[in-house]
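4 protein chains.
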Amino acid sequence: MGVTSGKGFLDRLNKMKNEVWFDGERVNGNISEHLAFKGILKAKASLYDLQIDSDLKDEMTFFLPEEKEPFGISYMQPKTKDDLQKRRKMMQAWARNTHGLMGRSPDYMNTVVMSFASSASILNGRDNCFPDHLHALYKRALKQDLSFTHTFITPQVNRSQVYMEFSDEPISAKIVEKNNTGLVIKGARLLATQGGLTDEVLVFSAPRLFIDSSEVFAFSIPSNTKGLKFICRESFVGGESFFNHPLSSQYEEMDSIVVFDNVMVPWDRVFYYENVDAAADFLLQSSFYSFAYHQVITRQIVKTEFILGVTELIVKAINVGEYQHIQDKLSEIIIGLETMRALLEKSENDAVADVFGIMRPSLISLQAASTIYPKIYPRFSEIIQLIGASGMILLPTEKAFQSEIRPDLDQYLQSDSMNAKDRVKLFRLAWDLTMSSFGTRQTQYERYFFGDPVKLSSNLYSNYPKDFYVEEVRKFLNQQ
Amino acid sequence: MGVTSGKGFLDRLNKMKNEVWFDGERVNGNISEHLAFKGILKAKASLYDLQIDSDLKDEMTFFLPEEKEPFGISYMQPKTKDDLQKRRKMMQAWARNTHGLMGRSPDYMNTVVMSFASSASILNGRDNCFPDHLHALYKRALKQDLSFTHTFITPQVNRSQVYMEFSDEPISAKIVEKNNTGLVIKGARLLATQGGLTDEVLVFSAPRLFIDSSEVFAFSIPSNTKGLKFICRESFVGGESFFNHPLSSQYEEMDSIVVFDNVMVPWDRVFYYENVDAAADFLLQSSFYSFAYHQVITRQIVKTEFILGVTELIVKAINVGEYQHIQDKLSEIIIGLETMRALLEKSENDAVADVFGIMRPSLISLQAASTIYPKIYPRFSEIIQLIGASGMILLPTEKAFQSEIRPDLDQYLQSDSMNAKDRVKLFRLAWDLTMSSFGTRQTQYERYFFGDPVKLSSNLYSNYPKDFYVEEVRKFLNQQ
Amino acid sequence: MGVTSGKGFLDRLNKMKNEVWFDGERVNGNISEHLAFKGILKAKASLYDLQIDSDLKDEMTFFLPEEKEPFGISYMQPKTKDDLQKRRKMMQAWARNTHGLMGRSPDYMNTVVMSFASSASILNGRDNCFPDHLHALYKRALKQDLSFTHTFITPQVNRSQVYMEFSDEPISAKIVEKNNTGLVIKGARLLATQGGLTDEVLVFSAPRLFIDSSEVFAFSIPSNTKGLKFICRESFVGGESFFNHPLSSQYEEMDSIVVFDNVMVPWDRVFYYENVDAAADFLLQSSFYSFAYHQVITRQIVKTEFILGVTELIVKAINVGEYQHIQDKLSEIIIGLETMRALLEKSENDAVADVFGIMRPSLISLQAASTIYPKIYPRFSEIIQLIGASGMILLPTEKAFQSEIRPDLDQYLQSDSMNAKDRVKLFRLAWDLTMSSFGTRQTQYERYFFGDPVKLSSNLYSNYPKDFYVEEVRKFLNQQ
Amino acid sequence: MGVTSGKGFLDRLNKMKNEVWFDGERVNGNISEHLAFKGILKAKASLYDLQIDSDLKDEMTFFLPEEKEPFGISYMQPKTKDDLQKRRKMMQAWARNTHGLMGRSPDYMNTVVMSFASSASILNGRDNCFPDHLHALYKRALKQDLSFTHTFITPQVNRSQVYMEFSDEPISAKIVEKNNTGLVIKGARLLATQGGLTDEVLVFSAPRLFIDSSEVFAFSIPSNTKGLKFICRESFVGGESFFNHPLSSQYEEMDSIVVFDNVMVPWDRVFYYENVDAAADFLLQSSFYSFAYHQVITRQIVKTEFILGVTELIVKAINVGEYQHIQDKLSEIIIGLETMRALLEKSENDAVADVFGIMRPSLISLQAASTIYPKIYPRFSEIIQLIGASGMILLPTEKAFQSEIRPDLDQYLQSDSMNAKDRVKLFRLAWDLTMSSFGTRQTQYERYFFGDPVKLSSNLYSNYPKDFYVEEVRKFLNQQ
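Chains as they are written, first to last, in the UniProt record's numbering: chain X, 1 to 480; chain S, 1 to 480; chain W, 1 to 480; chain U, 1 to 480.
One chain only, chain X, in its complex shape (with noise of 0.2 Å):
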């Protein structure tokens, strides 16, 4: 069928009952309808929507040789330069459509189930492994234009770097039976963004210290197979109205944590399973982390400069542009937006094909990129309180606007360049954007996107060709 439309997405979810629990309460009826998940499900669904659109076609979709429909461009093996640059417009006008708040827009699985099988040679011929399986999973998912989501976050039961799990029932998801059906997972796994959401929850392990081969599995499954159950935290939509909430009510994602209850995995949804070196080699080798990164990179610059605009707004609004210290705090973002755009470019100005013949942004670039944004996220985020002051606080409801004392706050909560309503409304998208629930949330979510900071700049040390600079100044010391 090629690529979904809205509708057709929240139809198939609807009918698939996911097993999600809500407030101590499993969802019923239609999850399109219920108030934590309308406003997300819209959302994406109008996502899906563009691809439809006729004018946008283009810029959306692709086809395949021996295929008529069209996919979309998410799922699209770049084998060019240009094929590179078409899936980041892509990206971006997906990424700009929802400002960049959308963390796991259908776009980020869809890039990693291509790039996934676009490296499932590199299981070839190991023992427990089926790159076949990759394949077929990724023209599933191309035809019927799927939508994923991946955990691989464990308990954090204790985080010393010497834990090992000894407890007599699985905490942390693990292989607890194999028979000729497939493998048997007992346990958890935290943190799925948009779990139950989603057509099929992608799962596979990270590889860390101490890890026991049980825990070793890569496979896919839809989101309403037997046993698996989606357990949601708080929900941080501020309520319906999008004068008070405009973001928290459109983009609040909902976090879950992914219960396996003894969940049968059929073989042919098994990707590989107690390798432990295949798996890392999979993981590093593949093509996963440039293109994961060349995804979330392009939408954390639209939401840059979707931080930009509310910034500047503000400082309109409030007329503090003046101010030196004022400035600074604005070049600050303004320089983020630039580095991590340059970055972005150069990792395709340098992308290199691989093997599999695939165009591989490059890494370094990108590396560099994920590590700095989660540093300056937080700070825009401060920025924004920073210049906001106490007008952050002071913010009235819809309801106020619409009552009889609303002359008073015309009068009160005017500014010179916007009227009272028009002022709070801007004030009150910047609170939602960095002091709701739902605005720290996302500071926490891009702290933490690829994982823990002091991890990254380690891994960008280790990975660094550092060989030449050191070499040069050897020759420059031996010269006399």
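The set of hints was computed from the structure by calculation and includes no laboratory data.
Check the hints yourself; a few may be wrong.
Computed list of chain X residues with no C-beta within reach of chain U, every gap over 10 Å [unchecked claim]:
| hint | residue |
| --- | --- |
| 1 | 42 |
| 2 | 124 |
| 3 | 281 |
| 4 | 319 |
| 5 | 348 |
| 6 | 410 |
| 7 | 448 |
| 8 | 450 |
| 9 | 467 |
So the derived label-pair ranges between C-beta atoms look like this [claimed, not checked]:
| hint | chain 1 | residue 1 | chain 2 | residue 2 | range |
| --- | --- | --- | --- | --- | --- |
| 10 | S | 280 | X | 322 | 21 to 29 Å |
| 11 | W | 465 | X | 455 | 31 to 39 Å |
| 12 | U | 266 | X | 455 | 52 to 60 Å |
| 13 | S | 46 | U | 65 | 53 to 61 Å |
| 14 | X | 35 | W | 479 | 17 to 25 Å |
| 15 | S | 55 | U | 66 | 51 to 59 Å |
| 16 | X | 406 | S | 406 | 52 to 60 Å |
| 17 | X | 81 | W | 402 | 34 to 42 Å |
| 18 | U | 468 | X | 451 | 54 to 62 Å |
| 19 | X | 322 | S | 222 | 55 to 63 Å |
| 20 | W | 357 | X | 80 | 29 to 37 Å |
| 21 | X | 322 | W | 126 | 28 to 36 Å |
Beta carbons are placed, not taken as given, at the ideal position from N, Cα and C, and that holds for glycine.
Guided by the hints, dock chains S, W and U onto chain X, whose structure is given.
Same frame as chain X, now just chains S, W and U:
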């Protein structure tokens, strides 16, 4: 009557029927039962109850020679360093009871009233000044154990340095008429914390450039004075569950815009008006800053203790105390705590009796502390988020723990040293302290408690006695 | 004659007998043999020699249609992006030869002369402007491969915003007479790097508030013009031993005050005078900033490579690469390097031909880079000191290694992976780079290369096109 | 004899003929006349002279019941808080005399000797321990007013956590023989400040992982003991001109490697050896840290006062006090000064007599201060550079002011409020304080005074009593 009890305070407040607007509706019925206010009013009442606790009499109350009833120590005019310490210990006790999270515990404004009255003679013999009315205020407040709010921030219409208001109708509150009865005030003031939740409102003007004399006044009137309206922001009470929202359910204080709709201020309530110099002199020469800082820093220290406790408990819960970067972050909090304490203690050691015989804590150390805290508090909040990491996000609700999904939660959210429920409870506290709408408002509150941090630095620099050090350098340079 | 050789340059300079004052004495004899200047002049000569190295011809020189001799590429007017890259590679080669430590390698001023001449038409038809003289300058410079210094900092009498000079005798250089021969200039300019070590001095005025028209001029005159004096600061050459002072013995450039003692500037050397608007327009509309930044950032990248090499070699020498905080520090340098590179590359990708047909690198990315570097360079210096720790202090001299104490040094200063002498040599390099008088002057130099960092931020903010982002936010807010 | 005079000290030192190696040559003749040492020795002598100044007797000296002569207060064992303050005032007076720039003014080691002797009983009855020898050391030092250096940093061969030395010949100093006479020591220790410029060398071992018992010892021997060599680094004396190098000409202390070439340490000089536990207990349980920190922080406060004076004088010289970012920078210094002072004062207020009857300043506040200073001192240095800007670079020498070029200097280097010579003198001071080799060594010295800053933070965290705060949070959580 002397000190009030919690019940006494609540009854009095319920009877006042202050004009409080919340989410487009005027609050009817007992304000102490309204969802948005019940938590904070209960917490406030619990402070008053400490005063009548017979075990705490000596710590909480004092006697005046000519009076029989005990009075609250926050109203005590200190004559000795010992008095100063008594004041500090009493304020500490209240702060401990609320973990430093009630920004406007009654002792803050009691202290302000005490300092104003103690410095009233500054106004003696000056035009449009009524020092006796300050003495009367103090007597009334002391004897009835009144509670106050105050407000001096003007509407944020335009923050340019050269802005002057030109509008037909006042925006910033102004004197629009003077008659036999008193002053008539029209316009607004921003950000009265606990506005409408106190017996009286103390209004005075902060000196600034280009201030018009019609904006210069100081008075205190009952919160239910005709024409006085309090317009609230959205409530940050997350709900009534202690488990879910341990802080906002108790300590959300509410902020409000104070509207003066042609409010008549009787002459015997006016302290000064239309005398720009007297107003400026009064704020600078009175003991206002010394005592207000002394209270605030006492409370901030207790809050920092609470933050240290929460952070260390998280470190234990997920067992990350071995990491050097974690130790470094904790040491930042410890240094902050020790620094604030040392500066507060120094301000008491260096206290000197002023010309009115009042023992004033030394302003310099307090100014240093109050310039430091707006910078370190947001960092503490960040540290908790950095250590809690993904654990700050995935936090199921109390109802989830009461549902059939509980065994999954118990198994998968346990930590090494805590069961799942206790761990989630702890992390929900950390989240409410730093990431909920309540928590981020606390951050903004500490950042701006005494106004623009940029100006705090300027003031510290300007007021600091630097001549001795300059002279030492001159001598050094002139030695040869 | 086209490109000069090192010897050619030195001979020419020695003959000029510029009036250079050093430590209270006028420099006599060959300046290239003077202790304070021999190192830098030798280094400069080595750059010129690269131009006549037959292996490097294509990389270093270009031809003009009507001319037979090759010219230095730093004089090339780029018409295409390819030309831009040629320029960058040539400048990179010179920077590599001096490890980015020669702030005023000749390509800097050559670039300035090129950009001035390329933009000369801006002055067409304006009062007191002589665009043809700029063309003549370019021709002369190109053909004789002249070397320049320039100076635009005025004496630091008073840095208040509202300062205007009132003194009987000029302090800041001014036009004191105009006659048939030309302009007579009296007064001083601060901080000509390599002042007295170049063929000519290019003088022009930076726009500022309250500038008097008598301070507005631009011209270029020989360094040995009568009345022109260069007063040097203390020399930072630590000595002639490469082991002891590997950098200052080669790259100490010297800075000088330029005194104009009634200097006669012939009309044919004047580009403009007493036209405040033309001067401001010229600096802002010409390609000066684009090309000057392009050169500077090219050099700074090479310097950062050198810093990365030195730091990594220290990490290896004392085997501290395993520490997370060390990895974090190295990753800061790597991120800085990658960021600068990406921004430079983007400036070339986004280059556009200006109205004069010159391919200008995009200013925005370069402005971002030039706002970043003054902040990260001092941090790099700090990182080296933090990693080197006590090893940066205890560094015996070359003579100690040549004395009978050597066996002790060999035994006690060895490191795991380096013998004592090599280790001390390396740490002396690190020390000379960051802690010697030479090293700290480098830090100050990078901090202030393009002026006050506070103003750089302001400019970036002011010039940045923000409207699109503001508009996006407005659209978002107006959706409902 | 009691307190010595400056001359007494110098005569004694000159007679010792310590084996000091400087720039490849052994120092011959009077060390107090050697160019590299004359400045610091003169400065040191001036401190001793203060002790015999009849006006300062009470401030500088104390009496012991059984003795007639006065002794230096830095040797006084404090029994009361009043004694503690006397010690602090005496140390402050010495620090003021040298502007806090002499890191190893004699009171530092006198304090160490006093604290060691006061805690000697810790060694009572333990293997290989000689507490009586510590008492003898104290008596000898007190009565002769001896001066000491010490050294505990081991050679920087390999800083990996798991490094153990394996080499045929010792690198780090070790016991290589024990015989009737005493211990024979071979190997080196790094970084004895003023090594060779003191009467004795106090050697002891800092506890560390994997330490071999042969590296564990503590003793004090005369600096001219046979086989003891001091190998100096390059001198940072910039010259003898006070104008040119106001600080390095007086306060450059020199650091040296201490080589033990089979040095025989007589038994009566040994305090302990080969007892790892006793060594560790002694350092942790003795009052060493309390008193050493107390001295250091007293000095650092005086240094900060000097820095504040220099910075404010620069601000006045170039009239930049109106800028908000300048005020902010100055306020940073002020906050640092007030914080250090408050913490020092608190350590005295909280002092408690230890089991030996010695009034120990509280360690926690001192540890906080000593963790803060290594971070703020480098920032102060940076602030001076940022405010001085280009004025820090272009600084002519004294000879230039004595030459015929002087009128130019007078005219062009004047500032609004200072003549050229005074202004250059001031800026040369600022440069010598922060940018000369002397200045940067001061920065490194303060950064590493008590070792690796990373470990200081760890220690503060580990030692800090956190249980009360954790318990408060537990109680809060358990209230419902």
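Hint-by-hint comparison with the structure:
Residue-level check passed: residue 42 (chain X) sits 38 Å from the nearest beta carbon of chain U, beyond 10 Å. In this structure residue 124 (chain X) is separated from chain U by more than 10 Å, as the shortest Cβ-Cβ distance comes to about 39 Å. At the 10 Å boundary, the C-beta of residue 281 (chain X) stays outside the reach of chain U, the nearest C-beta of that chain being 29 Å off. No beta-carbon of chain U is positioned within 10 Å of the beta-carbon of residue 319 (chain X); the least distance is around 17 Å.
Every beta carbon of chain U lies more than 10 Å from that of residue 348 (chain X), the smallest distance being close to 38 Å; the non-interface claim holds. The Cβ of residue 410 (chain X) lies farther than 10 Å from every Cβ of chain U, with a closest approach of about 34 Å, so its non-interface assignment holds. With a minimum CB-CB distance of about 23 Å to chain U, residue 448 (chain X) clears the 10 Å threshold, and the non-interface call stands. Residue-level check passed: residue 450 (chain X) sits 25 Å from the nearest beta carbon of chain U, beyond 10 Å.
The Cβ of residue 467 (chain X) sits about 21 Å from the closest Cβ of chain U, beyond the 10 Å cut-off, so the non-interface label holds. As the Cβ distance of residue 280 (chain S) to residue 322 (chain X) is approximately 25 Å, the hint placing it in 21 to 29 Å holds. A hinted range of 31 to 39 Å holds for the C-beta pair residue 465 (chain W) and residue 455 (chain X), which are about 37 Å apart. Hint check: residue 266 (chain U) to residue 455 (chain X), Cβ distance near 54 Å, so the stated range 52 to 60 Å holds.
At about 58 Å, the beta-carbon gap between residue 46 (chain S) and residue 65 (chain U) stays in the expected band of 53 to 61 Å. Here the CB-CB span from residue 35 (chain X) to residue 479 (chain W) is close to 21 Å, well matched to the stated 17 to 25 Å. Checked against the hint of 51 to 59 Å, the C-beta distance between residue 55 (chain S) and residue 66 (chain U) comes to roughly 53 Å, which is consistent with it. A C-beta distance of roughly 47 Å is found between residue 406 (chain X) and residue 406 (chain S), which places it outside the suggested range of 52 to 60 Å.
Between residue 81 (chain X) and residue 402 (chain W) the CB atoms are about 57 Å apart, so this pair departs from the stated range of 34 to 42 Å. Roughly 35 Å separates the CB atoms of residue 468 (chain U) and residue 451 (chain X), a value that falls outside the hinted 54 to 62 Å. Between residue 322 (chain X) and residue 222 (chain S) the beta carbons are some 41 Å apart, a value that contradicts the proposed interval 55 to 63 Å. Remark: the range hint 29 to 37 Å for residue 357 (chain W) to residue 80 (chain X) is upheld by a beta-carbon distance near 32 Å.
The beta-carbon spacing between residue 322 (chain X) and residue 126 (chain W), approximately 31 Å, falls within the hinted interval of 28 to 36 Å.
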